[in-house]
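Novice: Single-letter residue listing:
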Amino acid sequence: MDCRFVRTTCPFCGTGCGMLLKVVDGRVVDTLPDRESVVGRGHLCIKGWSAHEFVHHPDRLTHPLVKKGDSFERISWEEAISLAAEKFRGIAEQYGNDAIGGFSSAKCTNEENYLFQKLIRAGFQNNNVDHCARL
Amino acid sequence: MTNSITDLAGSKCIFIIGSNAAESHPIIMGEIYKAMDAGGVVIVVDPRRTAVAENAHIHLAIEPGTDIPLLAGMMRHIMDEGLYNAEFIEERVEGFEEFRKFVEGWTVEEASRQCGIEPSMIRRVAEIYAKADESAVVYCMGITQHVCGSDNVIALCDLTMLCGHVGTEHSGLYPLRGQNNVQGACDMGALPNVYPAYQPVADPDIRAKFEEAWGRPLSDKPGLTVVEMVRSAGSKIRGLFIMAENPALSEPDVNHVVESLRKFDFLVVQDIFMSETARFADLVLPGSSFAEKDGTFTNTERRFQLVRKAVDPPGSAKDDFSILCLLGNALGLNFNYESPADVMSEINRLAPPYGGITYDRLERQGLQWPCPNEEHPGTRFLHQGRFTRGKGLFVVPNHVAPKELPDEDYPWYLSTGRMFAHYHTGTLTRRAKQLDREVSRPYGEINSEDAAKLGVGEGGAIRVTSRRGSIVVDAKITDRVRKGSIFIPFHFAEARANILTNPALDPRSKTPEYKVCAVRVEKGES
Numbered sequence: 001m002d003c004r005f006v007r008t009t010c011p012f013c014g015t016g017c018g019m020l021l022k023v024v025d026g027r028v029v030d031t032l033p034d035r036e037s038v039v040g041r042g043h044l045c046i047k048g049w050s051a052h053e054f055v056h057h058p059d060r061l062t063h064p065l066v067k068k069g070d071s072f073e074r075i076s077w078e079e080a081i082s083l084a085a086e087k088f089r090g091i092a093e094q095y096g097n098d099a100i101g102g103f104s105s106a107k108c109t110n111e112e113n114y115l116f117q118k119l120i121r122a123g124f125q126n127n128n129v130d131h132c133a134r135l
Numbered sequence: 001m002t003n004s005i006t007d008l009a010g011s012k013c014i015f016i017i018g019s020n021a022a023e024s025h026p027i028i029m030g031e032i033y034k035a036m037d038a039g040g041v042v043i044v045v046d047p048r049r050t051a052v053a054e055n056a057h058i059h060l061a062i063e064p065g066t067d068i069p070l071l072a073g074m075m076r077h078i079m080d081e082g083l084y085n086a087e088f089i090e091e092r093v094e095g096f097e098e099f100r101k102f103v104e105g106w107t108v109e110e111a112s113r114q115c116g117i118e119p120s121m122i123r124r125v126a127e128i129y130a131k132a133d134e135s136a137v138v139y140c141m142g143i144t145q146h147v148c149g150s151d152n153v154i155a156l157c158d159l160t161m162l163c164g165h166v167g168t169e170h171s172g173l174y175p176l177r178g179q180n181n182v183q184g185a186c187d188m189g190a191l192p193n194v195y196p197a198y199q200p201v202a203d204p205d206i207r208a209k210f211e212e213a214w215g216r217p218l219s220d221k222p223g224l225t226v227v228e229m230v231r232s233a234g235s236k237i238r239g240l241f242i243m244a245e246n247p248a249l250s251e252p253d254v255n256h257v258v259e260s261l262r263k264f265d266f267l268v269v270q271d272i273f274m275s276e277t278a279r280f281a282d283l284v285l286p287g288s289s290f291a292e293k294d295g296t297f298t299n300t301e302r303r304f305q306l307v308r309k310a311v312d313p314p315g316s317a318k319d320d321f322s323i324l325c326l327l328g329n330a331l332g333l334n335f336n337y338e339s340p341a342d343v344m345s346e347i348n349r350l351a352p353p354y355g356g357i358t359y360d361r362l363e364r365q366g367l368q369w370p371c372p373n374e375e376h377p378g379t380r381f382l383h384q385g386r387f388t389r390g391k392g393l394f395v396v397p398n399h400v401a402p403k404e405l406p407d408e409d410y411p412w413y414l415s416t417g418r419m420f421a422h423y424h425t426g427t428l429t430r431r432a433k434q435l436d437r438e439v440s441r442p443y444g445e446i447n448s449e450d451a452a453k454l455g456v457g458e459g460g461a462i463r464v465t466s467r468r469g470s471i472v473v474d475a476k477i478t479d480r481v482r483k484g485s486i487f488i489p490f491h492f493a494e495a496r497a498n499i500l501t502n503p504a505l506d507p508r509s510k511t512p513e514y515k516v517c518a519v520r521v522e523k524g525e526s
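Which chain is which? The protein sequence lines are A and B, in order. Sequential numbering from 1 applies to the first sequence in this note's numbering. Sequential numbering from 1 applies to the second sequence in this note's numbering.
Check before you lean on any hint, since a few could be wrong.
[Stated by the list, open to error] Using 30 Å as the maximum straight-line C-alpha spacing, the simulated DSSO-like pairs for lysine-lysine come out as follows: (1) 433(B) to 22(A); (2) 263(B) to 87(A); (3) 221(B) to 510(B); (4) 67(A) to 221(B).
Honestly, the hints are just simulated from the structure, not real lab data.
In isolation and in its complexed conformation, chain B is listed as follows:
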């Protein structure tokens, strides 16, 4: 994210789109409440009346997958009323003329027709966002998990630059990271096109630097993504090493994923539990939990923080650092590191934005990158005075409707996501008694009118079927969801919501469209 979590408390307007922070990021929600206490206005955009929507000043329940029409309508009104920050754009942003043409191609009325929000309300939220001294945008997977997810993000960047709401303490963009170290995994180059610190594999100078440091020839060709590797099982990809990931539950259309996992010639899974994925492995390596290792995680505000070993791993399980060193050495790579701190010194040398991040400096508060040298205090918010690329760039977003919309055979909208008591594929949280006591069974949220039509009571079984498969869950009757929509959390292995989801991808980010697909809902056999 551009800014820091605690900076949110000082924002005068917080525009939350496609994030249910109240359940998925409760501590960040605390900062949003502080902003509200100080007089800030909170606007939530979500097809569902989520916990965060219930606590907001304004909730816009848009039609699923119509974020760009809504944002375009807002930006049109901001232009018409002269509420944009002309000085900021003149000084700091390029590409305004072409962008202006895009916005002028929209009207507030057309936006309203597509997203289902009254024109007067679109105008009102546009004015609140544009006029506030410092406005922040908070978003999450509700923005990115669409076929046009990266365009949704582009539209949000455009909105912030149009109003000059970036580069100050309490403005900016807050993508909320879902996993404890998803920021760090990206930063460390666990991505098919970049080395650590987003240095492109295709850049010959960068590649030469890593070839020299690692003493091995390297490839200039970007690799395959998770979804592409699974789809290439047994053809392009024959041997796969999975460290602590659970694609058999987390990927879209998991029935197909499970078929693919069987096709690898050799599959190694390193994990702490026999996950749904590990069952398909030829070799399972017992790793360690966060309590059994030293290292660092990087949170959503780019802050490196220490993880400290509290206990030994069980039985003969090993910490993941040691396993990787053993395997690296077995492959002739000279992974003779003494400790994770030793690895960090190599990272300091090869990844300039993390050059000053050393263990002794992380003791209390951690450090936020960029932090290029040992004297640098770290960076609380980005883009102050200038953007990383110099000038900011308006890019015209391209709206694409969801790939699978309700029709006669599958007349309901399905969206998936998280709920407060569980986490991702549930491997960890479903084994915690306290959390299991809160919610122990898979469920789907449906509207009370729909429940009456189906003849289903609270907790009654409902069968949910898409073109890809079928599951049975308990009905949770709530008017938080609209008529004709169902929301199912994906934490439950016994009723995997991702049996239903559509594997359509955003062509640029390769993110699957988890937030919209079409299903049929029937009364189930209990």
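Okay, chain A solo, but in the shape it has when bound:
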């Protein structure tokens, strides 16, 4: 049995408590507070303690899906990425760059947010990028 602990940061509120994920044979099985974390100092709230529970949930999305009529069908990553690029480019050509927008995410990392706003701004020469800070 392979068992290890990975030091990381809680995914719930803005407090940012330090936590340890217990990983057994490639699955996250438990969450523990990190006593060395300057935030939290060895404490987690009820949400933090259960942060591992959704990770391997059977409802997780596992493949790119495209809408066909009222339902979704699996497609490959290659198809998905070129479909997205082609459709967005087509819309920008037909209606102008300002017709494209994006919602970035307060749940994603800094690096992902940086890339997201760069994608919209550099890709479509507009500033239609925002996220749920106000909600």
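Guided by the hints, dock chain B onto chain A, whose structure is given.
Specialist: Okay, now just chain B, sitting in the frame of chain A:
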């Protein structure tokens, strides 16, 4: 926030307004308890007797949406009694004369008439806040989610500057951020008017810097906000890319939002679950959870902290960094980054306050911005000695009553918010067994007298209807809410509280008024 979370423990007075930290930020509440143990006084302002109010020394249950009248009354008393910090204002703040006129336009009695708190109590809390050696203000969405939300914040800034309670270790302003990385998403420029580190898109020099770095022409025109983009679906906005957000549950008046989501020519949603929003997508991209990626989150005290990959994403799902790189390259943008650390070096170069934040320095404790270079230790509290803009500025806040108040047809106040066991739209927490066991059904808190009048018992069905829609929830009978008021958490997809809420916006911040709208409450069919 201006200061650090653990600095709260040393505050002599903590003035909490529109935050239920005991449920929404329990670990920060721990620091508030430490302050109380050390003799600090905790004052809570909230129309509801929340968990934080129950644990405070003083609770002021104001009328919904009357924060500015209360604060104006407090500031009037502070001026009358000479309790303001004249030396601090003289040295460090501008605009006092005009501000003084605003405050003198109020009386404690008029404030009392509007906010429903006895004049003697307004005077008492004003004195406690002003006289304490170091007083901190803690606020959250109860302040910002009003049509005059940004003015509410301005009034709080005025109060801190009036008393000189900013720029020291245990004073300051603590807006508690709700999402793990809402601070970081703002810092990284996921906002329609600024590049990373709040550098304005309209500034030609700044724009030139990014054009050169990114090798593309950029627009000087601020873009649309979330709410504006949804409202422009199928007209101004035709193609939308949503990464891990769930507006079909989180926006006000969601019935209308759902109609809008259908109108986009092409909608891409990247998420880890088939969210209520993803169902409307033309293309769904499976992303990764926090346990499946490397990167950084920035918490509410401006601290960059590492997120580390523990396991692989399920099936053929990919981490969001890789998906963005693929899409960027498909759009011809040369997103040839090797790792998130590689992206961080670009951030270091283009965003001066984060210039010294490198992965190897984040290993243990993280780093708080501003941290302009690799020798800089990070910044524990802001505005020491001088404000970022040089001198502080008193701004006159403009009070605006909530846009929709109870009337004959809709005689109740509704406010929405979070509760201890669940989180935002519940996509994550409602899938956690431990949390589902705590609370698994949507509910609305109503007062015992109201429940008796309606003939509803604990757990009985109640129908709540606003001008925008109707939902059925379980009655939770508690005198934490006032008569004629109902509180509904918004985590539940089967009874979406945001079907009811009013999409009126603060004109400046574009924040919707979630905290006040008018509803009708009836006994429901179970």
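Novice: Sort out which numbered hints this structure fails and list those numbers smallest first.
Specialist: Number 4 - this is the single hint that the structure violates.
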